[in-house]
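Peer 1: Take a look at the letters that make up each chain.
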Amino acid sequence: MPAVRAPEFRLPSVGAGEVSLASLTSDGPALVVFVAEECPTSRLALRRLAAVAGELVADGVALACVFEDPLAVAARTARTAGLEATLLSEPPPYATSQAYDLVSVPTAVLVARDGSEVGRVVGWDVAAWDGLLALAAADVGAAPRRLPDDEPRQKPGCGAKSTYDEATMRLDAAASAGSEEIEDLFELGWTDGLPVVPPTRDRVTAMLGGRDGQATLGPVPPGMGEATLERVAACAVLAGCRPAYFPVVLAACEAALDDGFNLNGQAVTTSPPGQLIVVNGPVRETIGLNSGMGALGPGWRANLTIGRALRLLVELTGGGMPGGLDRATLGHAGKVGACIAEAEETSPWEPLSVERGFAPGSSTVTLIAADSPLSISDHRSTTPEQLASCLGWAAASQWSTNWWPLAATSLFVVCPEHARLFADAGWSKLEVRTAIYEAVQRPARELRGFGEVPPETMGADPDAAIHKWSRPADVLLIVAGGEAGRFSAVYGPSLGMGAEVVSREVVT
Amino acid sequence: MTDYVSPFDPRARGDDPLAPRPDGLAGRRVALLDISKNRGAEFLDHIEQRLRADGASTARFAKPLFSRAAAGDLIERVAIHGDLAVEGLAD
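If you read the sequences in order, they're chains A and B. The first sequence begins at 4 in this note's numbering and counts up one residue at a time. The second sequence begins at 8 in this note's numbering and counts up one residue at a time.
Only chain B is shown next, with the shape it has when bound in the complex (with noise of 0.2 Å):
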C-alpha cells in the first residue's frame, strides 16, 4: 500500500464506554451538574426531588459556561463528592 500520512490521532478520545450501572439508589450520593443552559437547574431540581424521594443524597456543581469544557476541579469535585452523577445536558 501507498505510504500515507495519517491526519489522526491514535489518542484521540472516541466513544468512552459506558460506567457501570449502579444496582439501587438507596444511600448513594449523586452529584448533580448544571452546564448553564437555560432550564438546566430547573430539570435538576425535579431530578434532585425524585432521587432523594428514591433515598439518595445530592449535591449540586455548575460550570459558568456550557459550552466550554468542565475543568479538572470541578470534574475532581464531582468525582470526590458523588458516587453517581447527573449533568442537566441541554435546553
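So here's chain A without its partners, still in its complex pose (with noise of 0.2 Å):
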C-alpha cells in the first residue's frame, strides 16, 4: 500500500510561536493527537498520555496535541492533566482537522520523518495507542513505551468540531461562555492578577463610543506598545470600567504619558511609585467618583477601575509587568490603580484644578508619581500652625528619614475636618501649603551624621537650614474625606524619575 502523505500545518502553539509539522519531524517521528478541551475521551487520552510523555521526546518522538480550541484552553487542559507537550491550536473553521478527515478526537496520527502517516488510532484503545507508540520507537530505535494499563482501556470518541456547521458552533459557544473564560484570561496573561471582564468586541466598541478605535495616544512605556484607543478601551473593559468613564480613563492615559511624567522611569524602578490620579470638576457626580468617606477606597467602581485601567494599559500593553519590565522591589497596593477625587463641595478652598490654571466648572485629571499613602492622626491640635506642623512633620520621614530636600511632590489629602480649622482661621489654602513647607526644616548638622543623606545636605553649611521639600510647590493639597474624623494623609514622592505634575482636561 501506498504511503499516505499527512498533510502540512503550520499553527500557533503554546509558548513557541507557530509550529508546522515538517518541523516536529525534522528530527523523527511525530505523534500528533488531535483533541477538544469538552471531549471526556480527549482529556483521559491527555491524561494517560501524560504518563509517558517525557520519555517519548527523549526517544526522539515529538509529541504534538492539535487542539480545536483557543491557546489558553489548550493550555489550561494539558496543565490539569499534567501534559507537557507541544500545544497547537486550531481556530474554527478547523481547517487542519478537516485536511486530516477527522470524524471524532482524540485521533492519534503517527507521521514518519519522511512526512508519511504511518499509522492511526480514533477515540480511546489502549492496545491501538500503544502500537502506535511501538511503531513510533522502532523508527528511532528504542524501546517501545507503553501507556498505562488502567481501566477505561477503551472509550469512543466525541464528534470533531470540524464535522459541525458553523451555526451549530456559534450557537454551542455562546451556551458555553462563562466562568471558564475569567480562567482562560489567566492563562493568556491579560491581567494583572486579579479576575478581568472579558474584553469582547462589543464590549470594547461600547466603551470606545464611536471614538476611532485606531487613534492612538503614542507608545507605552517601558515596553513601547503602541496605545490605540482600542487598546486603552480594552484595559478599561478589563479594569471593569463603564463605558461613562472612558472619558476619565483616556484623559488619565494621555496625561500619563506626557513626556515630562516619565513614566518610563516609573514603570521600571527598583523604587515604588504608582500612577495616582487625582479627578477634579464635574464628571466626578457624573459617573460616581467618591471623594467622600473613605475617598481613598475600597468601594466605589469609579475609582477603583478608572485607576486600574490605567495600571493595566502600563502592565500589559506597555509591557511593564512586575517582575517583568518593573523591577519594583516591593511595590505597594496603590499599584493596582489609585483614582481619588477631591471634595471641592465640602473644601474651603479653590480645587487643584483651578490651582493648576484650568477655569472653575472643568473636569480634569491630575497625574502624579506616587508612594503609598501615610494616614495622619491629628485630633487635638487647635491652631493653624499646629495643624500644619504636625501634617508637615508626619511627612518628615517620608523617602528615607534623613533624605532632605526631597526634589518631588508629596500630596496632602486633607479631611474635612482639618480643612475647617485651617478655614476658619482664615488660612488660603496656598497658606496651608506654605505653613506645611516652613514646618519641616532642620539644621543640615542634624541631618548629616546619617549615611542616607543627599549629597548637596552633606555639603551645605552646618547651620543652613534643609526642608523638607526642595520647594513649597512641591507641598500640593485637596480635601476629600468623610466629614467626621481627623484623619488626612499624605501620598509619598517618587524621587529620581523627575515626574512633573501633569494635568489633563477630560473631554466628554
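Fair warning: there could be bad hints in the mix.
Here are the simulated lysine to aspartate or glutamate pairs, DMTMM-like style, with alpha carbons at most 25 Å apart [to be verified]: (1) LYS70/B with GLU455/A; (2) LYS158/A with GLU190/A; (3) LYS70/B with GLU503/A; (4) LYS70/B with ASP329/A; (5) LYS70/B with ASP41/B; (6) LYS44/B with GLU455/A; (7) LYS158/A with GLU87/A; (8) LYS44/B with ASP262/A; (9) LYS70/B with ASP261/A; (10) LYS70/B with GLU459/A; (11) LYS70/B with GLU55/B; (12) LYS44/B with GLU55/B; (13) LYS70/B with ASP52/B; (14) LYS70/B with ASP23/B; (15) LYS44/B with ASP90/B; (16) LYS70/B with ASP90/B; (17) LYS70/B with GLU49/B; (18) LYS158/A with GLU41/A; (19) LYS158/A with GLU120/A; (20) LYS44/B with ASP329/A; (21) LYS44/B with GLU503/A; (22) LYS44/B with GLU94/B; (23) LYS44/B with ASP23/B; (24) LYS44/B with ASP16/B; (25) LYS44/B with ASP98/B; (26) LYS70/B with GLU83/B; (27) LYS44/B with GLU83/B; (28) LYS44/B with ASP261/A; (29) LYS158/A with ASP104/A; (30) LYS44/B with GLU459/A; (31) LYS44/B with ASP477/A; (32) LYS70/B with ASP262/A; (33) LYS158/A with ASP128/A.
Calculated from the model, a selection of chain A residues having no Cβ within reach of chain B, i.e. all distances over 12 Å [claimed, not checked]: (34) GLY122; (35) THR203; (36) PRO246; (37) ASN265; (38) GLY291; (39) THR320; (40) GLU441.
FYI, nobody ran anything at the bench for these hints, they're computed from the structure. Predicted model, so just to flag it, every value in this text is computed and none were measured. For glycine and all other residues, C-beta sits at the position ideal for the given N, C-alpha and C.
Relying on the hints, combine the two individually framed chains into one complex.
Peer 2: Quick look at the structure:
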C-alpha cells in the first residue's frame, strides 16, 4: 500500500510561536494527537499520555496535541492533565482537522520523519495506542513505551468540531461562555493578578463610544506598545470600567504618557511609585467618583476601575509587569490602581484643577507619581500652626528619614475637619501649603550624621536650614474624606524620576 | 473562541536576545556608560582600569538622568565609539 502523505500544517503553539508538521518531524517521527477540551475521552487520553510524554520526547519522538480550542484552553487543559507536550491550537473552521479527514477526537496520527502517515487510532484504545507507540519506538530504535494499563481501556471519542456546521458551533460557543473565560484570561496573561472582565468586541466597541479605535495616544513605556484607543478601551473593559468612565480613563492615559511625567522611569524602577490620578470637576458627580467617606478606597467602582485601567495599560500594552520589566523591589497596593477625587463641595478652597490653571467647573485629571499613602491622625491641634506642623512632620520620613530635601512632590489629602480648622482661621490653601513647607526644616548638621543623606545636604553649611521639600510648590493639597474624623493622609513622593505633575482636561 | 480585543501590541519590545559575547578584550573599544546613579562613575573607574589592563581602549559617556531612556544620539555615539559597552546600572 503506498504511503499516505500527512497534510502539512502550521499552527500557533503555547509558548513557541507557530509550529509546522515539518518542524515536528525534522529529527524523527511525530505523534500528532487531535483533541478538544470539552471531550471527556480527549481529556482521558491526555491524562494517560502524560505518563509517557517525557520518555517519548527523550526517545526522539515529537509529541504534539492539536486542540480544536483556543491556546489558553489548550494550556489549561494540558496543565490539568499534567501533560507536557507541544500544544497547538486550530481556530474555526478547523482546516487542519478537515485536511486529516477527522471524524472524532481524540484521534492519534503517527507521522514518520519523511512526512508519511504510518498509523492512526480513532478514539481511546490502549492496545491500539500502544501499537502506535511501538511503531514510533521502532523508528527511533528505542524500547517501546507503554501507556498505563488502567481502566477504561477503550472509549469512543466525541464528534470533531470540524464536522459541525458554523451555525451550530456559534450557538454552542454562546451557551458555554461563562466562568471558564476568567480562567482563560489568566492563562493568556491578560490580567494584573485579579480577575478581569473579558474584553469582547461588543464591550470594547461600547467603551469606545464611537471614537476611532485605531487612533493612538502614542507608545506606552517601558515596552513601547502603541496605545491605540482600542487597546486603551480593552484595558478599561478588563479593569471593569463602565463606558461612562472612558473619558476620564483617556485623559489619565494622555497625562501619564506626557513626556514630563516620565512614565518610563516609574514603570521600571526598583522604587515603589504608582500613578495616582486626582479627578476634579463635574465629571466626579456624573460617573459616581467618591470623594467623601472612605475617599481613598475601597468600595467605589469608578475610583477602583479607572485607576486600574491605567495600570493595566502600563502592564499589558506597555509590558511593565511586576517581575518583568517592572523591577520594583516592593511596589505597593496603589500600583493596582489609584484614582481619587477632590471633595470640592466640602472644601473651603479652590480645587486643585483651578490652582493648576483650569477654569472653575472644568473636569480634569492630575497625575502624580506616588508612593503609598500615610495616614495622619490629629485630633488635638487647636491652631492652624499646630496642625500644619503635625501634617508636615508626619511626612518628614517620606522616602527616607534623613533624605532632605526631597526634590519631588507630596500630595496631602486633608480631611474636612482639618480643612475647616484652617479655613476658620482664615488660611488660604496656599497658606496651608506654605506653612507645611516652612514647618519641616532642620539645620544641615542634624542630618549629616546619617548615611542616607543627599550630597548637597552633606556639603551644606552646618547651620543652613534644610527643608524637607525643595520648594513650596512640591507640597500639594486636596480636600477629601468623610465629614467626621480628623484623619488626613499624605501620598509619598517618587524620587529620581524628574516626574512633573501633569494635568489634562476630561473631554466628554 | 469569543472574539476578544487584545490589549497587547505584538510589536512592543519583549525580551531582547543577548548580543554575541566577544572572544577577548585585547584591542577592543569599550564604551562605558554612566547613567548618573550614585557611585556609578566610581564603579566605572574600576572597570575602566581593568579593561585597559586587558588591552582594551575605553571611552566614557553619560546619561543626564538615570530614570530616562538614553536619547537616540547617545545610543548612536556609544555604538560608533564602542565595539562593546558596559553600563553602570544601579547604586
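Peer 1: Each hint: holds or not?
Peer 2: Each hint tested on the structure:
1. The hinted pair formed by LYS70/B and GLU455/A meets the criterion: a straight-line CA distance of about 23 Å does not exceed 25 Å.
2. With a C-alpha separation of about 29 Å, the suggested pairing of LYS158/A with GLU190/A is violated against the 25 Å cut-off.
3. Distance check on the hinted pair: LYS70/B and GLU503/A sit about 19 Å apart at the alpha-carbon level, within 25 Å; holds.
4. Distance hint between LYS70/B and ASP329/A is fulfilled; the C-alpha atoms sit about 20 Å from each other, no more than 25 Å.
5. Of the supplied pair hints, the one linking LYS70/B and ASP41/B holds, its CA atoms being roughly 6 Å apart against a limit of 25 Å.
6. Among the hinted pairs, LYS44/B with GLU455/A is consistent with the structure: their alpha-carbon atoms are about 14 Å apart, no more than 25 Å.
7. For the suggested pair LYS158/A and GLU87/A, the alpha carbons sit about 23 Å apart, so the restraint of at most 25 Å is met.
8. Between the alpha carbons of LYS44/B and ASP262/A the distance comes to roughly 21 Å, so the proposed pair stays at or under 25 Å and holds.
9. Between LYS70/B and ASP261/A, the direct Cα distance comes to roughly 20 Å. Compliance with the 25 Å bound is thereby established for this hinted pair.
10. Between the alpha carbons of LYS70/B and GLU459/A the distance comes to roughly 20 Å, so the proposed pair stays at or under 25 Å and holds.
11. Simply put, LYS70/B and GLU55/B have alpha-carbon atoms about 18 Å apart, close enough for the 25 Å limit, and the pair holds.
12. A C-alpha spacing of about 17 Å is found between LYS44/B and GLU55/B, which places the hinted pair at or below 25 Å, so the restraint holds.
13. Pair hint LYS70/B plus ASP52/B holds up; C-alpha atoms about 16 Å apart against a cutoff of 25 Å.
14. For the suggested pair LYS70/B and ASP23/B, the alpha carbons sit about 21 Å apart, so the restraint of at most 25 Å is met.
15. Only pairs whose Cα atoms come within 25 Å are accepted, and LYS44/B paired with ASP90/B is accepted, the gap being roughly 24 Å.
16. For the proposed pair LYS70/B and ASP90/B, the alpha carbon gap of about 19 Å is at most 25 Å, so the pair holds.
17. Using a Cα cut-off of 25 Å, the hinted pair LYS70/B and GLU49/B holds, with the two alpha carbons roughly 15 Å apart.
18. Under the criterion of a C-alpha separation no larger than 25 Å, the hint pairing LYS158/A with GLU41/A is consistent with the structure, at around 15 Å.
19. Between LYS158/A and GLU120/A the CA atoms are separated by roughly 23 Å; this keeps the pair inside 25 Å, and the hint holds.
20. Restraint check for LYS44/B and ASP329/A: the C-alpha separation of about 18 Å stays at or below 25 Å, so the hint holds.
21. Of the pairs offered as hints, the one joining LYS44/B and GLU503/A holds, with about 20 Å between alpha carbons and a cut-off of 25 Å not exceeded.
22. At roughly 11 Å between alpha-carbon atoms, LYS44/B and GLU94/B fall within 25 Å of each other, so this suggested pair holds.
23. With a CA separation close to 23 Å, the supplied pair LYS44/B and ASP23/B stays within the 25 Å bound.
24. Our distance criterion of 25 Å between C-alpha atoms is broken by LYS44/B and ASP16/B, whose separation comes to about 31 Å.
25. Between LYS44/B and ASP98/B the alpha-carbon distance is near 6 Å, which keeps this suggested pair within the 25 Å criterion.
26. For the suggested pair LYS70/B and GLU83/B, the alpha carbons sit about 13 Å apart, so the restraint of at most 25 Å is met.
27. Our distance criterion of 25 Å between C-alpha atoms is met by LYS44/B and GLU83/B, whose separation comes to about 21 Å.
28. Among the hinted pairs, LYS44/B with ASP261/A is consistent with the structure: their alpha-carbon atoms are about 24 Å apart, no more than 25 Å.
29. Straight-line distance between C-alpha atoms of LYS158/A and ASP104/A comes to about 20 Å, which keeps the hinted pair within the 25 Å bound.
30. Restraint check: the Cα-Cα separation between LYS44/B and GLU459/A comes to about 15 Å, which is no more than 25 Å; the hinted pair holds.
31. Only pairs whose Cα atoms come within 25 Å are accepted, and LYS44/B paired with ASP477/A is accepted, the gap being roughly 23 Å.
32. The suggested pairing of LYS70/B with ASP262/A holds, with an alpha-carbon distance near 17 Å, which does not exceed 25 Å.
33. Note on LYS158/A and ASP128/A: the hinted pairing holds, with a Cα-Cα distance of about 7 Å set against a maximum of 25 Å.
34. For GLY122/A, the requirement that its beta carbon stay farther than 12 Å from each beta carbon of chain B is met, with the minimum near 31 Å.
35. With a closest Cβ-Cβ approach of about 6 Å to chain B, THR203/A is found to fall inside the 12 Å limit, against its non-interface label.
36. With a least CB separation of 14 Å from chain B, PRO246/A remains clear of the 12 Å interface cut-off, as annotated.
37. A Cβ of chain B approaches the Cβ of ASN265/A within 12 Å, the least distance being about 6 Å, so the stated non-interface status is violated.
38. For GLY291/A, the requirement that its beta carbon stay farther than 12 Å from each beta carbon of chain B is met, with the minimum near 24 Å.
39. Non-interface status of THR320/A relative to chain B is broken: a Cβ of that chain comes within 12 Å, the nearest being about 5 Å off.
40. Even its closest Cβ contact with chain B, about 29 Å, leaves GLU441/A beyond 12 Å, as expected for a residue assigned away from the interface.
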